[in-house]
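Peer 1: Bring the two chains, given one by one in their own frames, into a single complex with the hints.
Protein sequence lines, in the order shown, are assigned to chains A and B. Here my numbering is used: the first residue of the first sequence is 1, the next is one more, and so on. Here my numbering is used: the first residue of the second sequence is 1001, the next is one more, and so on.
Treat the hints with care, since some could be wrong.
[What the hints assert, rightly or not] Some chain A residues well away from chain B (every beta-carbon gap over 10 angstroms; in silico): (1) D65; (2) T82; (3) T172; (4) A265; (5) F358; (6) R460; (7) S463; (8) K511.
[To be verified] Computed cross-link-like contacts, DSBU-like style, restricted to lysine-lysine with a CA-CA straight-line distance of at most 30 angstroms: (9) K56/A <-> K113/A; (10) K1004/B <-> K511/A; (11) K1002/B <-> K222/A.
I should point out that these hints are in silico values taken from the structure, not numbers from a laboratory. Ideal Cβ positions, reconstructed from N, Cα and C, are used throughout, including at glycine.
One-letter residues, chain by chain:
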Amino acid sequence: MRYINKKAGQNNETKTAPIDLPISKSLQDNIDALSTLLTGCSDVVMKPFTFGQEVKVDGFLIYFDGLADRREVEENILKSLTVELNMIPQDELSQVNVFDYLQQHLVTMAELKTLASIQEVCEHISSGDTVLLVNGFDRGLVAGTRSWQTRPIDAPENEVVIFGPKEGFTETLRFNTAMLRRRIKSSNFKMEHMVMGRITKTDVIIGYIDGIVPPAMLEEVKQRLGMIDIDGVLDTEYLAEFIADHRTTIFSQFEHTEKVDRVCAHVLEGRIFIMVDGSPMVLVLPVSFPRYWLAPEDYYIHFIPASLFRLLRFTAFCIALLLPSLYVAVISYHHEMIPTALLLTIVAARQGVPFPAFVEALLLEATFELLREAGLRLPRAIGPAVSIVGALIIGDAAVRAGLVSTPMVVIVAFTGIASFVTPSYNAGVIVRIARFAFLVAAGVLGLLGIMIALIIMLIRMVSLSSFGLPYMEPIAPFNWREMSDILLRRPWYRTIRRPYMDGMQNIVRQKSKENTGG
Amino acid sequence: MKIKPFQLYCLLVVCSAPVAYLEISRYMNSLLAHNGWLAVLAAILPCFIFMLLLIQITRKSPQPFPLLLEDYLGTWLGRVVGCSYILVFIMITAIDLRFFVDFIETHVVSGTPLSVLVGVLLLVGLFALKSGFNALIRSFELVVLIGLPFVFIILILALPQDMHISNLLPIGSMMRIDHFMLAVLLMTAIFARSMPVLTFAYFSDDPGKIGSTFTASLASYWLLMLLATLITTLTLGAFSAELYAFPTFIMVTMINIGRFFQNIDILFISIWILGIYASISFFWFMSLYTCQQVFRLSDYRYLAAPSSLIIGVLAMQIADNILQLFQTRLFFVMVVYGGFFILIPSILFIISLFKPSMPEAILSAKAE
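Here chain B stands alone, though its shape is the one from the complex (with noise of 0.2 angstroms):
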């Protein structure tokens, strides 16, 4: 398989920004109110040196993960390594289905059933899978270019809707440092899910463009977040704001064009589908794939439907009720995304900082 620039873009911005649009703000505006758009904008630093961390790896590594676990710790170690990435992935595919699932049952499809709407995105996401990794990639290249500037549209007609600067005011006041901390945090753990790029990166057929792809995928989630809050917090207030579960989809309700178009919510939902189905496919896809590689299977597919059944029965035991999946998640968040997607990482990284470089040869195969 080969991957092209913008495919590499749009894989990146479909593993970190879909959840994170509907969530970040929230935890934005509980942790530091009407400041919570300064977290954001300092989380720029955190993520940047994730990213240099994750194409310094990239650039040390022979192989792509999961097998470059097996090169940086060890045969053993790494497949151990390896096989909790596989629950790892398979988690974050349940929380995301199932918070998704919580979002439209509540607000687009009251008293549908949570089992037959899992059921219907499961086998969207299956048929995705069974099509092989170019059909996927290439639909994430649709979501992207059919969402994103959708998504901008939606926050610059939401910002003049009720807008007032005074709710940002004071700027900085009634901070408390260890929660702005916090929030940068989650800000960084949350762009960390893109760390399956380790994989991707790997098959790029323009390896020369990683940085730059890289560079462009994290302006765009940060620039996101950064717009989602900042207009939340303008648009809502930020105590208003802290009571919702969902701001950004209040914000969105409240986008009234001409007097006519109103209530546009669930054209938000619907384009946000793409978003989500792109997130379940993508962590689907690597803990299939990851299996694969960490077992040495000849084939990821014949997997897919086994790993349907698990993941639906996941979705739905994970949590009794929404306000349950949130607490889980904050977890997940806090401690998975920090354990698998940020410190194994950073390991890795000053594992790689004592290799030698890559080898000529290896480099010209790896571009070729």
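Okay, chain A solo, but in the shape it has when bound (with noise of 0.2 angstroms):
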């Protein structure tokens, strides 16, 4: 990957750019070329400087101030030369080569390379590495240094559980690798390391477990990735929206994740993770649809209770996809449904309301979500407080004023509160947009409208894939032995098989009568 991409059909006859050189034996052109290149750069540390007593020699230090770790360069980089050097018979070092002596002896780092071009030096020290070159010598010494300040590991915001690991990625690549290594200790679980945005150089994980992965998705998710050539990469969705088998789509191909266990139990199952450096979010592919509704808790409880929870989250989704819709369809078109004294109730609650049931939800959705909206988007201390008091008073005032009837506030309330009991933020965002839809189609053709759409979406959802993985699977194409871990939880010790996906290496997850286990 180069730092600044050199455009095509560049004459041979123009003048070579700095960062095109190769280090150069001369000390001072490359000080020259760096200095060009990172100019306008404040946080540049340059340091030339000389060593050795009767050898002089010159040297150059470069880093950048607040990625590198001042006190390790100070302590093994400069005290090294210019002090412990001086110890070392002159005569001794002079029939030898400098650099090499340096490389072996001196610089006592443990992560210690050598560099060619000046692409690399500004590669490296863009990445907190610090960079030493020294005069005679068309090579460079890297010296790992990296050390920023970062947000320590935390329970991740978004993903809250009551069982289980609450360890969450953080923005720290290095850091998100360690606790995902710390789990799966396995020299088969790899972190292949990609670099990408020409001008962010933003480094890129893919992870999986060789032997269990299958082969040729992995290979696809590679080329894919491979192909993005943008500026600049700073959080998983940028290349998510790149790699999605389809991209005009509300529904999302991806699993968003910050929570470690939930990447490794992905990871077991034969699925590949991206990470970037900075974000701590963690994209999980393939998936599939029905997978949203499972929370990662339910493998750490019994398998009834967790059994019934899921069923009660497919039951919320259904009430946050259709209730409101519902109601309006019911109110509008086949109020005869309704019982004779509900109906009375309900009719008596609308009295003197100037619109329609339809527009009257559709207002009310609106003003919820901006609310919900407005609550994340508001400062921690005082975001909840105003949501919540905004919608008990724009509620009561709303009901009060006989802009919208009781009946009406239950119901988008009860979908509100269904709607969160949706563990994946992605599939919450498919139930919000939907909703709206389904609403339109109510209002326009009663339960038939509701039917179409709902006819339309699962349409869309089953031509879906996400890497060749069938969106609906398990449900369609229908899996009986799937399904038993998709509406309810199976049993540990029932888990024979991973989930099947095309082409899996290992599909034996557990000894069994039948087999060995994988």
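Peer 2: This is the structure in structure tokens:
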């Protein structure tokens, strides 16, 4: 990956840009090139110095302040060169190659390697490394001195669990990979590194378990990632939009998670994750829609309550998606379905409301979404208070003013509560958007409209795939074996196989009578 | 394309059951009164024979329908018959569409112009066809998974509402044998709508399970029709059931659970829309696929939009009112289903008896 992309068809006779230069034997040339490139970078530290007593050698140290650990640079590089080098007999030093001597004996860093181009120098210092250039040598020495302020490891706010591990990813890629490696202590657990973003040079990790993951899928992921040529990658979602099978749809084809244990569970089932430096959000693929309703803690509690909670979650999904539209359809078109006593109560409550049920529902749903968004964006200290007070005051005022009816407030509030049951944010977004479409369909054609909207949604969903995995798997195509761990939570002792994916190398996850496990 | 056994089962169910569920009990009641269910019971035998006939053709054919027509009848005759099948499939789509639209216009959204409902349903079908065959067949899986259990639940819920065993008595009396034969033939002719399976069985990823898949679909169809006929007779009585245009639907309107859930017919209709969507899309797809194969076109999808206009106009023009539609439909079931779904497959079956078994290489290629 180049620091600045060379323009296609560049004339060979034009002067080579400093970024394209190899490291020169002349230290001054290198300093000039780097100075040109890093003009305006106030945080760069460039330190020319001389070391040795009889044999004087010019050196040059470069790093970014704040990214590199200054103490480590001073202790392990500068001090070694300026103090310890003087203790070495000069005749011994003159007989050897100074560069090799520095590399092998003096710079006492674990992570040490050589560089050959200015491009590499820029890349490494941008990552927090320190580069040492020595006059007379066309190589540079890079020392791993990365150290910067980070957010501590904490429980993710968006994925709250009661049971099980709580720690979540941070913005620092290395911490994240370490947390995963601590849990999966296998040499088959691979985390391949890529650099993406022409300007940001963002580190990206593709993780999987070799021997389980479908190789063709892995190749496909790498190929799609390799085709991305963008100036910067600041979050995993940048990549998701590039590599998705279907780009123009509200249905996310990835799972986004901040939870370490969730990623580990996916990887053990043969899935692939993508992690980006600077983002705590990890992309997991492939994923099917029904799996959005599986919460990580389902597997940390006994399978019977877990199964009941799962059924509750599916019910909540149906409520969150359809309840307002069903109410509108029944009130507007099919009131014969409502028992007389209940109908009279609703009619009495709606007395004086100037809007039809459809408009009433649309207004309240829109208000609810506004309050939800406002609650998210407001400062944490006042956000929840404002959204709750807002909901109470606006709701109460609207009912008192006769703009909306109390049954509609109850319906919208109940729908709101049900929508928070969804464990996956992506699935929640789908429900929130689709709810409005159903509302419009109900307003136009009643239950018939809802069913037509539902059929269209289902057709769209079954036509999607996530890296070849059907989006509605295991419902369509139907797979009974997989379904038994979707609607309900299968007990661990019955979970002999991993969820099936085409090309999976090892589907057996535990020893049983028929097999020895994998 | 590859089809799993469950997908094949769903295809068979959606092409025979959804429309039949609403009309079989009326036919049976009008022909045999309280003995209608006996004809359904007896129809298992001809339906089973028809199923064996289809399995035999499938096993002997190196090519799927409609290409197998050329294989069996010769290139020119095969193509001519193939062309007539295109028209038949389009007609079935249009009649099914009109049948359903008339039904919902009468019972759900009275006053809504038929053209609006036809347009909306065609739009859904068009969207499904444009999404490709895989999406279509997966949507049928969802239809069967949602619809079939729901329909059985509805029937079971209807049973205790106003059941009188005496409505079935005296069993077997006052039954004209010619009406009985006609009723059995009707049941078989409607089941024969599953003839297009000659196309899809060829693409089965597990040819060894074709027999059991056919049997399962026949069992579902037969059980559904038997229960629908039996329960309408038990709850409504033979003579009342004969008076209604849609006795199954009237039976659903009687359901009342805990004096709270009442008039749930609209829920039944909502679920039934799924079945009708599947039925319409399936025969529409068959018309396009047959067209593609007969005329050796590269893709069928670009035919979907123009054919939607033909189907829409045909659906509007096919009958002036619902009574005329019933007459047209009955004629269609007896003559067209009899000719194209029973007679021609029977001829193919006879020819297949004289054809050599498929070479091992073709069998293994089919399996792959």
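Peer 1: If a hint holds in the structure, say so; if it doesn't, say that too.
Peer 2: Hint check results:
no.: 1; hint: D65; verdict: 56 angstroms, holds
no.: 2; hint: T82; verdict: 70 angstroms, holds
no.: 3; hint: T172; verdict: 42 angstroms, holds
no.: 4; hint: A265; verdict: 27 angstroms, holds
no.: 5; hint: F358; verdict: 15 angstroms, holds
no.: 6; hint: R460; verdict: 7 angstroms, violated
no.: 7; hint: S463; verdict: 4 angstroms, violated
no.: 8; hint: K511; verdict: 29 angstroms, holds
no.: 9; hint: K56/A <-> K113/A; verdict: 23 angstroms, holds
no.: 10; hint: K1004/B <-> K511/A; verdict: 29 angstroms, holds
no.: 11; hint: K1002/B <-> K222/A; verdict: 28 angstroms, holds
Comparing the model with each earlier hint shows violations of hints 6, 7; every other hint is respected.
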